[in-house]
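**Q** Model the full assembly from the supplied sequences, consistent with the hints where possible.
Number of protein chains: 2
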Amino acid sequence: MKKYLLSPGPTPVPEEILQIMSEPMVHHRTPAFKAMVGQAIEGLKYVFQTENDVLIFSASGTGAMEGAVSNVLNKGEKAIIIRNGKFAERWGEIAEKYGIESLYVDLPWGTVGQPATLDNLLKENPDVKAVYTQLTETSTGVVMPVKELGEIVSKTDALLVIDAISGLGGQEFYMDDWNVDICVAGSQKGLMLPPGHAYAAISEKAWTKIEKCTQPNYYFDWKLYRKKLATNTDPFTGSVLHIKGLLKAIEIIKEDGIQTRFNRYRNLATACRAAIKALGLEMFAETPCDVVTAVKVPKTVDGLALVKKMRDEYGFTIAGGQAGVKGKIFRIAHMGYIERFDIIAVISVLEMVLHDLGWKFEWGAGLSAAQKILAEEYK
Amino acid sequence: MKKYLLSPGPTPVPEEILQIMSEPMVHHRTPAFKAMVGQAIEGLKYVFQTENDVLIFSASGTGAMEGAVSNVLNKGEKAIIIRNGKFAERWGEIAEKYGIESLYVDLPWGTVGQPATLDNLLKENPDVKAVYTQLTETSTGVVMPVKELGEIVSKTDALLVIDAISGLGGQEFYMDDWNVDICVAGSQKGLMLPPGHAYAAISEKAWTKIEKCTQPNYYFDWKLYRKKLATNTDPFTGSVLHIKGLLKAIEIIKEDGIQTRFNRYRNLATACRAAIKALGLEMFAETPCDVVTAVKVPKTVDGLALVKKMRDEYGFTIAGGQAGVKGKIFRIAHMGYIERFDIIAVISVLEMVLHDLGWKFEWGAGLSAAQKILAEEYK
Numbered sequence: 001m002k003k004y005l006l007s008p009g010p011t012p013v014p015e016e017i018l019q020i021m022s023e024p025m026v027h028h029r030t031p032a033f034k035a036m037v038g039q040a041i042e043g044l045k046y047v048f049q050t051e052n053d054v055l056i057f058s059a060s061g062t063g064a065m066e067g068a069v070s071n072v073l074n075k076g077e078k079a080i081i082i083r084n085g086k087f088a089e090r091w092g093e094i095a096e097k098y099g100i101e102s103l104y105v106d107l108p109w110g111t112v113g114q115p116a117t118l119d120n121l122l123k124e125n126p127d128v129k130a131v132y133t134q135l136t137e138t139s140t141g142v143v144m145p146v147k148e149l150g151e152i153v154s155k156t157d158a159l160l161v162i163d164a165i166s167g168l169g170g171q172e173f174y175m176d177d178w179n180v181d182i183c184v185a186g187s188q189k190g191l192m193l194p195p196g197h198a199y200a201a202i203s204e205k206a207w208t209k210i211e212k213c214t215q216p217n218y219y220f221d222w223k224l225y226r227k228k229l230a231t232n233t234d235p236f237t238g239s240v241l242h243i244k245g246l247l248k249a250i251e252i253i254k255e256d257g258i259q260t261r262f263n264r265y266r267n268l269a270t271a272c273r274a275a276i277k278a279l280g281l282e283m284f285a286e287t288p289c290d291v292v293t294a295v296k297v298p299k300t301v302d303g304l305a306l307v308k309k310m311r312d313e314y315g316f317t318i319a320g321g322q323a324g325v326k327g328k329i330f331r332i333a334h335m336g337y338i339e340r341f342d343i344i345a346v347i348s349v350l351e352m353v354l355h356d357l358g359w360k361f362e363w364g365a366g367l368s369a370a371q372k373i374l375a376e377e378y379k
Numbered sequence: 001m002k003k004y005l006l007s008p009g010p011t012p013v014p015e016e017i018l019q020i021m022s023e024p025m026v027h028h029r030t031p032a033f034k035a036m037v038g039q040a041i042e043g044l045k046y047v048f049q050t051e052n053d054v055l056i057f058s059a060s061g062t063g064a065m066e067g068a069v070s071n072v073l074n075k076g077e078k079a080i081i082i083r084n085g086k087f088a089e090r091w092g093e094i095a096e097k098y099g100i101e102s103l104y105v106d107l108p109w110g111t112v113g114q115p116a117t118l119d120n121l122l123k124e125n126p127d128v129k130a131v132y133t134q135l136t137e138t139s140t141g142v143v144m145p146v147k148e149l150g151e152i153v154s155k156t157d158a159l160l161v162i163d164a165i166s167g168l169g170g171q172e173f174y175m176d177d178w179n180v181d182i183c184v185a186g187s188q189k190g191l192m193l194p195p196g197h198a199y200a201a202i203s204e205k206a207w208t209k210i211e212k213c214t215q216p217n218y219y220f221d222w223k224l225y226r227k228k229l230a231t232n233t234d235p236f237t238g239s240v241l242h243i244k245g246l247l248k249a250i251e252i253i254k255e256d257g258i259q260t261r262f263n264r265y266r267n268l269a270t271a272c273r274a275a276i277k278a279l280g281l282e283m284f285a286e287t288p289c290d291v292v293t294a295v296k297v298p299k300t301v302d303g304l305a306l307v308k309k310m311r312d313e314y315g316f317t318i319a320g321g322q323a324g325v326k327g328k329i330f331r332i333a334h335m336g337y338i339e340r341f342d343i344i345a346v347i348s349v350l351e352m353v354l355h356d357l358g359w360k361f362e363w364g365a366g367l368s369a370a371q372k373i374l375a376e377e378y379k
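Just so you know, the protein sequences line up as chains A and B, in that order.
In this text, residue positions in the first sequence follow my numbering: the first is 1, and each later residue adds one.
In this text, residue positions in the second sequence follow my numbering: the first is 1, and each later residue adds one.
To be clear, the hints were calculated from the coordinates, so they are not data collected in a lab.
Incorrect hints may have been included.
What the hints assert, rightly or not - No more than 25 angstroms apart at the CA atoms, straight line, and that leaves these computed lysine-lysine pairs for DSS-like:
#1 B:Lys223 x B:Lys97
#2 B:Lys3 x A:Lys34
#3 B:Lys97 x A:Lys97
#4 A:Lys326 x B:Lys97
#5 A:Lys212 x B:Lys3
To be verified - With the Cβ distance kept under 10 angstroms, some of the chain A side facing chain B (calculated, not the full set):
#6 His28
#7 Glu42
#8 Gly43
#9 Leu241
#10 His242
None of the values given here were measured: they were computed from a predicted structure.
Using N, Cα and C, we set each Cβ at its ideal position, and we do this for glycine too.
**A** In structure tokens, the structure reads:
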């Protein structure tokens, strides 16, 4: 049975990248390899839309999230954490480990809240050092109003820290224009690579704060990585394969142009949403993002069975709900190397599985709705 | 020009592993993938020669080293660190970051000291919680007397923590029989994989101490990884590629048998040493290990030029000296997927480059000396 991967990470890796990753091993301290690292960093700046420093870590994205706390805030310092999903909660868990005094903005999963809430909270707490949130929250499929948050935070001394692990390269985002101070990302989503690489882009405003931070860390010591930027070296033995794959991924992204890719994923998301509506289903996210569509499972349908049947009987790996929404939502990714006809295919199998599970709708209704939108020009 | 990689990490990756790593991406939360993780952990236990828990991290080996401090010792607790090379010094750097009170046994690089020194130090400091050293110190090519150190430390309440990053799978080592409490390793040496995976094997005695540790950590929170062992899952999105490659590597190692592999690398090391002697050169290590041969550069030869010429003019990547011994030594690896005829080839090119740089010897003297030993049975 042919296999399709439409989960929000890991995502499919283009064949030409897989091929590069199977080339013979090279040494990580040669001039040729250092040149590749330098080129990869320049390419990442384009993807982040920033002039800031970009650091590369051999780790899962969570490693970069941890660094964005442990390098930034001292014990007892205050942070605001907007908590509206699994990865938002992760910011909180990390902050607790490091003894940060967190002010939580707790919101129901699937919602995003009002920027004004943050504005007021910052006014009431001028000693807040950083605000943590997501670009897109993978667990709920929302996009956060990062531009608006950036306008608010940039007027204060606090830093705006964005987890763009699932959003980078897919969801519209301009780090510098939107006044984001720290942005972290991972390899296995919009960048079309296997898991194993994490990234952090860091503004000068953030570096000033980082210089004053004394929390213990070694493998994720950002000051050490920054020193090594001058020679394009990893302080440790980094993932050679990921650097080589990353260069190819950046080449693909640049060939399209980042704006074209933003438009493409918006088109895929719009098509998905139209199909969901046409099948009589409801979206879970208040403000749905462009990289993953989270859908409410109707009360009469078994949500766990839906995801399992798609995988085991039809070969499609999508994602179910995590934690509190387990069995209550399913999620279809449209990020990285997922394109139009993958969406057509996943809607087709969704119709088949919904039918198997007793949901009533007109055969092809989802497909027709998606088709109309996917046929539109998105460039 | 054909390229040869004989550096002590990264090391060459067997073609069949590279091929597996270029297979289409799979999801990390499927039953099939979890079964692979479980199998990989069982295989690692064989390589470590242990019944203890083994944890897998997507990181460079240094990430596992950091975890072996941050999960084990609280601020202000005492550790003994045997400091006789670059990676030994890394234990010290990490310990300093975490506020550990380190008692250093400082030794000249290339030497290993006396086990009795440790015995006395432990008797004088019964409050020492852990002893940190290497199995093989990559920067100097020594093998540490781990078995003897294990006999000493196991009689106390302290833990013996071994960095086997370059040694595991090549240098003779039996974690349980030798009373080692924590052993860390990496993917890119004896395990024949690309860099990106780190491992830690942890005894029950160590877990008891770890349970009482309160240092901040998240990505390297060993207690969290231990909980996930029950379901064979990574707490985060781990490197899918490395798990798949690791299974193949373990298959290769098991097919040989670990003892056969220990014997093989000993044979390669003995051959290298014989060649070095026949060429009139001297070993750097007091007790040379079986996975990397460190050689003193004669005063009349330019050590930096030697390494550079081998790489740029002949296609052979070996390693020079690091930090204090830069330009003063060179290092040839014989670990992982480096076998007999790679050693013959590197001795051949070493003769050519030594000749280019004005060193006097009889053509083929190194080759003949190595050949005699490599022709011996090592099984």
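**Q** Take the hints in turn and mark each one as holding or not.
**A** Hints and how they fare:
no.: 1; hint: B:Lys223 x B:Lys97; verdict: holds (21 angstroms)
no.: 2; hint: B:Lys3 x A:Lys34; verdict: holds (17 angstroms)
no.: 3; hint: B:Lys97 x A:Lys97; verdict: holds (16 angstroms)
no.: 4; hint: A:Lys326 x B:Lys97; verdict: violated (40 angstroms)
no.: 5; hint: A:Lys212 x B:Lys3; verdict: violated (45 angstroms)
no.: 6; hint: His28; verdict: holds (6 angstroms)
no.: 7; hint: Glu42; verdict: violated (22 angstroms)
no.: 8; hint: Gly43; verdict: violated (20 angstroms)
no.: 9; hint: Leu241; verdict: holds (5 angstroms)
no.: 10; hint: His242; verdict: holds (7 angstroms)
Of the numbered hints listed earlier, those contradicted by the structure are 4, 5, 7 and 8.
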